[in-house]
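Asks: Protein sequence lines correspond, in order, to chains A and B.
The numbers in full-length UniProt numbering rise by one with no breaks, and the one at position 255 of the first sequence is 255.
The numbers in full-length UniProt numbering rise by one with no breaks, and the one at position 353 of the second sequence is 353.
Be a bit skeptical, because a hint or two may be false.
Given that identical chains are not distinguished, each listed pair holds provided it fits within a single copy or across any two copies.
Straight line, CA to CA, 25 Å or less: simulated DSS-like cross-link-like pairs of lysine-lysine [as the list claims (entries may be wrong)]:
| # | residue 1 | residue 2 |
| --- | --- | --- |
| 1 | 76 | 62 |
| 2 | 62 | 9 |
| 3 | 332 | 4 |
| 4 | 4 | 55 |
| 5 | 62 | 4 |
| 6 | 173 | 30 |
| 7 | 401 | 411 |
Hints were generated in silico from the structure; no laboratory data involved.
There are 2 protein chains.
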Amino acid sequence: MAQKPSIPKGTRDFTPDEMVRRNYIFDSIKEVFQRYGYMPIETPAMENLDTLLGKYGDEGDKLLFKILNSGDFLNKADDGLLAQKDSNRVTGQISEKGLRYDLTVPFARFVVQHQNELSFPFKRYQIQPVWRADRPQKGRYREFFQCDVDVIGSDSLFNEVELIQIVDEVFQKLGIRVVIKLNNRKVLAGIAEIIGEASRLTDITVAIDKLEKIGLEKVNAELSEKGLTDYAIAKLQPILSLSGSNSGKLDQLANILVSSEVGTKGVEELREVLTLVDSLDVETGVEMDLTLARGLNYYTGAIFEVKALDMQIGSITGGGRYDDLTGIFGLKNVSGVGISFGADRIFDVMNQLELYPPEVTTTTQLMFVNFGHKEGAHCLKIAAQLRNEGLKVEVYPDSAKMKKQMTYANKKNIAFVALVGEEEMNAGTVTLKNMGTGEQNSVKVEDIIGTFSE
Amino acid sequence: MAQKPSIPKGTRDFTPDEMVRRNYIFDSIKEVFQRYGYMPIETPAMENLDTLLGKYGDEGDKLLFKILNSGDFLNKADDGLLAQKDSNRVTGQISEKGLRYDLTVPFARFVVQHQNELSFPFKRYQIQPVWRADRPQKGRYREFFQCDVDVIGSDSLFNEVELIQIVDEVFQKLGIRVVIKLNNRKVLAGIAEIIGEASRLTDITVAIDKLEKIGLEKVNAELSEKGLTDYAIAKLQPILSLSGSNSGKLDQLANILVSSEVGTKGVEELREVLTLVDSLDVETGVEMDLTLARGLNYYTGAIFEVKALDMQIGSITGGGRYDDLTGIFGLKNVSGVGISFGADRIFDVMNQLELYPPEVTTTTQLMFVNFGHKEGAHCLKIAAQLRNEGLKVEVYPDSAKMKKQMTYANKKNIAFVALVGEEEMNAGTVTLKNMGTGEQNSVKVEDIIGTFSE
Chain A
1 MAQKPSIPKG
11 TRDFTPDEMV
21 RRNYIFDSIK
31 EVFQRYGYMP
41 IETPAMENLD
51 TLLGKYGDEG
61 DKLLFKILNS
71 GDFLNKADDG
81 LLAQKDSNRV
91 TGQISEKGLR
101 YDLTVPFARF
111 VVQHQNELSF
121 PFKRYQIQPV
131 WRADRPQKGR
141 YREFFQCDVD
151 VIGSDSLFNE
161 VELIQIVDEV
171 FQKLGIRVVI
181 KLNNRKVLAG
191 IAEIIGEASR
201 LTDITVAIDK
211 LEKIGLEKVN
221 AELSEKGLTD
231 YAIAKLQPIL
241 SLSGSNSGKL
251 DQLANILVSS
261 EVGTKGVEEL
271 REVLTLVDSL
281 DVETGVEMDL
291 TLARGLNYYT
301 GAIFEVKALD
311 MQIGSITGGG
321 RYDDLTGIFG
331 LKNVSGVGIS
341 FGADRIFDVM
351 NQLELYPPEV
361 TTTTQLMFVN
371 FGHKEGAHCL
381 KIAAQLRNEG
391 LKVEVYPDSA
401 KMKKQMTYAN
411 KKNIAFVALV
421 GEEEMNAGTV
431 TLKNMGTGEQ
441 NSVKVEDIIG
451 TFSE
Chain B
1 MAQKPSIPKG
11 TRDFTPDEMV
21 RRNYIFDSIK
31 EVFQRYGYMP
41 IETPAMENLD
51 TLLGKYGDEG
61 DKLLFKILNS
71 GDFLNKADDG
81 LLAQKDSNRV
91 TGQISEKGLR
101 YDLTVPFARF
111 VVQHQNELSF
121 PFKRYQIQPV
131 WRADRPQKGR
141 YREFFQCDVD
151 VIGSDSLFNE
161 VELIQIVDEV
171 FQKLGIRVVI
181 KLNNRKVLAG
191 IAEIIGEASR
201 LTDITVAIDK
211 LEKIGLEKVN
221 AELSEKGLTD
231 YAIAKLQPIL
241 SLSGSNSGKL
251 DQLANILVSS
261 EVGTKGVEEL
271 REVLTLVDSL
281 DVETGVEMDL
291 TLARGLNYYT
301 GAIFEVKALD
311 MQIGSITGGG
321 RYDDLTGIFG
331 LKNVSGVGIS
341 FGADRIFDVM
351 NQLELYPPEV
361 TTTTQLMFVN
371 FGHKEGAHCL
381 KIAAQLRNEG
391 LKVEVYPDSA
401 KMKKQMTYAN
411 KKNIAFVALV
421 GEEEMNAGTV
431 TLKNMGTGEQ
441 NSVKVEDIIG
451 TFSE
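Same shape as in the complex, but just chain A:
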């Protein structure tokens, strides 16, 4: 009995229809990246576990897919640990490699390993799958694509501005209306400082991150629970209720944070980025948002997040500046900034809002119906000529029933079929049928190409 085939939980096959749409998204994004001088790299699916472990927290270590060593892998395992079935400690003895968990750590590893070949600032993009042994659920996969763009080796704020321009262009190109939220880790540190709770930065940001969801009152309650003094909470209120334009908010914030060096630096950075963005042709709204705190332990300056306006789906792109990404691999004091486009979520938005231009679904432009060996062989020649002129052409390979051939053309969204029987062969013509309208025309072989360039 043959096995019924299936694929691992949380993984996906991509059919031609899906591939064409995904490639449209990736190609659109890549084209923008390239217009700004970013270059592609790729890293191996497998990394040494040394490279991966300890970079994503304990939870992340558990979610790494580990590769079993080849050959007699149990040979090196400890008898005692095997007898105790201590999976945790045996893992390191029977596995040395894992599948990449994100593109950031491999990128840091790449930069350190190739530092002498690269010219800095190094501007790269990378679009590859990553793997996580997460519990699969709707919209969350065990294999999914990341699409990262980073510049490393420059602390100029021009880079932050450029990433905002890129986000703007990508989503305009794709037709997704978005807002870009902008914050700065230094501002958050300044706030914690001036309310006298510098050591509680994480608690504070975790709480105010929920402002939109749970409201001011509950945020204050949570802060109180976490042990913030009433004084600190009272001092935080005007910050939480900042409103108005970006520049209005910045002016208020500058006053509030005047006594904090790091906070003032953060305000200056935000102001410079927003001023430069205003001077450029950026159509997407950029909103200062103090509640934005993603990846706080990691980012050191700007923090970005992009939200779709016409669909509830959370963040579809995000990133920020990090000052010591490569330090873990021994290259210190290299500042970088980057963003990651959420390919799967963008795919979901494009599908739900039906944002693909019509040409994205078209495939073969013309199919020759096969009436028999002699007629088919004749069509092969015409097809070869038309392909030389750049047309996408198929000859149906079997002289199957007309209905079957037409169904094939329909399913594949082929716009025109050519019917060539003995009569057409003798006359040097084809009968061209528009599959959309059903209209049929007799066309000379040499005039076929013209009907497609009209």
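Starting from the known structure of chain A, fit chain B onto it as the hints suggest.
Replies: What follows is chain B alone, placed relative to chain A:
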């Protein structure tokens, strides 16, 4: 002490230079596939071990990279086997998934699993990495790319012809001179039959496969060793020394194989394919070659192999017809034919023969040198305009030393840099420097784009 980063043996990073060249190869190949109506699919990196095991022989099973189950994986392992350290039998208890070993088995699995969504004949291409725990050596990697094109669900020889056209176009496009070798499994079966050794088909083909390398005498010795009668070996001689044109060889072979039904069918198939190819505009030489026996246990009709003429590197593309690929997954009697382009070998040939067109190495077209914040901010605006007009433009993000900025532009092969100081800002111009010739010109901002479209 920070770790010195490295990647697993037999895997590779691809730098921007390499990526650009590899993408050129893949894009060229894809464009040809699409012109013939082939559509892309992708399958997950991980497959269930059920899907993979037993499909590549015992050796293949050993070379599969297996993924360790998540969580407390030892829990399900047998105490006795663990105590004996029986790696072989423990594997199946602690691992359920493996990395794909080729694209063929996942494709068969895909076709069976999605048979109700697909329209047949199904024409697909697939370009993805595969993984094998082979001993790494020069030119052999543990992660490498395959690039497969197949049509499944049609036994028309038009498909074989189309694949030859595709090979011809791909290698003409890439500029690699090749010869296409063609054989047919049915002819080999016919030969074994008429010399009275039908059961020794494999021994015979393994021996004659070496004809070119070791010569006729040694081939005969090997056949004798394998137990072929002197009668059989004598009867084989005229076949081994067939010469002349394809049609000459076919005429001789037709005579020799006249009493074998399967052999005669094979000759007819070869003749039809070669006749059709002759009638089309195929420039690459197609040579009938009876010594070609690749993947014999697998192919049932045509067998293809492509060799580069200007470099000794073995086969760079190959394939054939298989009549029961999907049978292992329960879908019987579906015939297909396909070829696989050896991406890594093609990459090696392109590199060694330096076959890339000059535009493949170009990246950013124009870089603005950064003389300071004010000048840089001014350049950001000009750069944004130029990108809108389709140019690939960078603004160097830091106001670093001139030499550093120029070195960056040089290393990245940027053709032009623009110098914009206070004077140029006031005059609405830029000083455009051709990095190749060193020539400098003052150009109005609105005329920059024109100098690139000349």
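Asks: Output the numbers, in ascending order, of every earlier hint that fails for this structure.
Replies: none
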